[in-house]
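K.L.:
Under numbering that gives the first Met the number 0, the residue at position 38 of the sequence shown is numbered 37, and the numbers go up by one with no gaps.
Fair warning: there could be bad hints in the mix.
Below 20 Å or equal to it, Euclidean Cα-Cα: the simulated SDA-like pairs (lysine to any residue) are [unchecked claim]:
1. K17 x Q29
2. K17 x Q33
3. K17 x F28
4. K37 x S27
5. K37 x R26
6. K37 x Q25
Calculated directly from the structure, the hints in this document are not laboratory data.
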Amino acid sequence: MDHNGIPIGQSFCGMDIKIHANSLGQRSFQNLRQTYAKLWSV
0 MDHNGIPIGQ SFCGMDIKIH ANSLGQRSFQ NLRQTYAKLW SV
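Model the full structure from these sequences, guided by the hints.
P.N.:
Following this line, the structure appears as structure tokens:
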């Protein structure tokens, strides 16, 4: 049952994509920091 024709599924899907992209960005940023820490520690 959709409320007033609002595409609830699409909005939830968009939120999932945003959250997924955000988590991916944070993970890659942490990996970059770890590699830089290794380079500087040598």
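K.L.:
Quick check: which numbered hints come out false for this structure?
P.N.:
2
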